[in-house]
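Heads up: the protein sequence lines correspond to chains A and B, in order. If you count by my numbering, then the first sequence holds residues 1 to 203, one letter each, in order. If you count by my numbering, then the second sequence holds residues 1 to 203, one letter each, in order.
It is possible that some hints are incorrect.
In silico DSS-like pairs for lysine-lysine, Cα to Cα no more than 30 Å straight-line [claimed, not checked]: (1) A:Lys26 with B:Lys42; (2) A:Lys42 with B:Lys42; (3) A:Lys26 with A:Lys42; (4) B:Lys42 with B:Lys26; (5) A:Lys26 with B:Lys26; (6) B:Lys26 with A:Lys42.
No wet-lab data here; the hints were simulated from the structure.
2 protein chains.
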Amino acid sequence: MSDSLLPGAISDLVAAFSALPGIGAKTARRLAFHLVDAPPEKSRQLHRALSRLDTELAHCPTCGFFSRPGEACVLCASNRRRTGQLCVVGRIQDVLAIEEAGVFHGRYHVLGGYISPLNQVFPEDLRLVSLQERVEAERITEVILAFDAVSDADYTAHYLLELLPRTVRVHRIAAGIPFGGELEYTDGITLSHAFTLKRELPH
Amino acid sequence: MSDSLLPGAISDLVAAFSALPGIGAKTARRLAFHLVDAPPEKSRQLHRALSRLDTELAHCPTCGFFSRPGEACVLCASNRRRTGQLCVVGRIQDVLAIEEAGVFHGRYHVLGGYISPLNQVFPEDLRLVSLQERVEAERITEVILAFDAVSDADYTAHYLLELLPRTVRVHRIAAGIPFGGELEYTDGITLSHAFTLKRELPH
Chain A
1 MSDSLLPGAI SDLVAAFSAL PGIGAKTARR LAFHLVDAPP EKSRQLHRAL
51 SRLDTELAHC PTCGFFSRPG EACVLCASNR RRTGQLCVVG RIQDVLAIEE
101 AGVFHGRYHV LGGYISPLNQ VFPEDLRLVS LQERVEAERI TEVILAFDAV
151 SDADYTAHYL LELLPRTVRV HRIAAGIPFG GELEYTDGIT LSHAFTLKRE
201 LPH
Chain B
1 MSDSLLPGAI SDLVAAFSAL PGIGAKTARR LAFHLVDAPP EKSRQLHRAL
51 SRLDTELAHC PTCGFFSRPG EACVLCASNR RRTGQLCVVG RIQDVLAIEE
101 AGVFHGRYHV LGGYISPLNQ VFPEDLRLVS LQERVEAERI TEVILAFDAV
151 SDADYTAHYL LELLPRTVRV HRIAAGIPFG GELEYTDGIT LSHAFTLKRE
201 LPH
């Protein structure tokens, strides 16, 4: 690329955008150039938001969701969430997806990823100790694993099954044909899950 | 979206990313969350680069390319570029694309867009007066319009043809089938250009 023709102030911005996941060289350039020509408020908005990351954002000490430093997150702080059940997810995005679907009304626990030795993610890198502590302290009777349908998640699910007391029921959300999915265009592994998890219909 | 569950520090960052062109709500969230979990140096790099935009970046007073404030751009400052010819482009990205292809070795003039009344871009919004001045001052004998193959660019080309002195030869780069393009998958307007601009082969 000919970014060497650009003054440092703009080539550094292109480089910073390029370092973000899923942003290629051309997109990085488009974003940076856009900010130069846009009203200054637009780049200042991004600048201000970045300034606040270090000082105004933390992970909830209970569940791992985003919170203000030293505070519980809105979900843990709310007294309108059902207790006794815990929905365990890999990432914070997953909480948002589930909240958007409106399919769960209890509290969450965000592991911070899945166990993945190949990617150097080991059990001690995840929020597992605090999960054990919560299960006891909050008298959890049911844990729902809302995990991606990927092999690291499968492994993590097995690991959690060993870790959690036998008295706690552990569910994992179903894998199968997605809504609107057609068999003809469904991959073999999904089909295999769908057959394995088949259920009898009442008649 | 359930971004209302997020603390202001992160939802503002999601909003700032969403305001960028081509960045949807999910991508904005992915970028913002990535910066939270990435080493702090990554968000600081972006933060620093944004800080410098206001104070360390300007448009070259001669050609409109990026430069440091009060300085000519590297292309105008270079004494290795051919003189007498001027390549006129719409946007700064176009200069980079042409430099990457290595197909032109003279100086550029960046209009800053194309005339587009529908989008409220009028001749006085573009670097047209300075183009006229340069053509005279730099004794330009040939202008090459390296424009996109879109109708606003066609109109701008016609406008420039009227504006520039008759003594200056004005070329526009060819429109036609792109390299590797197959007729079967080429749209009708491109095919029409390719037929209109057909040239006789020597034999």
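Against the structure, the hints:
1. A:Lys26 with B:Lys42: 19 Å, holds
2. A:Lys42 with B:Lys42: Within the cut-off at roughly 20 Å; holds.
3. A:Lys26 with A:Lys42: 20 Å, holds
4. B:Lys42 with B:Lys26: Judged against 30 Å, a Cα distance of about 20 Å means the pair holds.
5. A:Lys26 with B:Lys26: Measuring from Cα to Cα gives roughly 20 Å; hence the hint holds.
6. B:Lys26 with A:Lys42: Holds, at roughly 19 Å.
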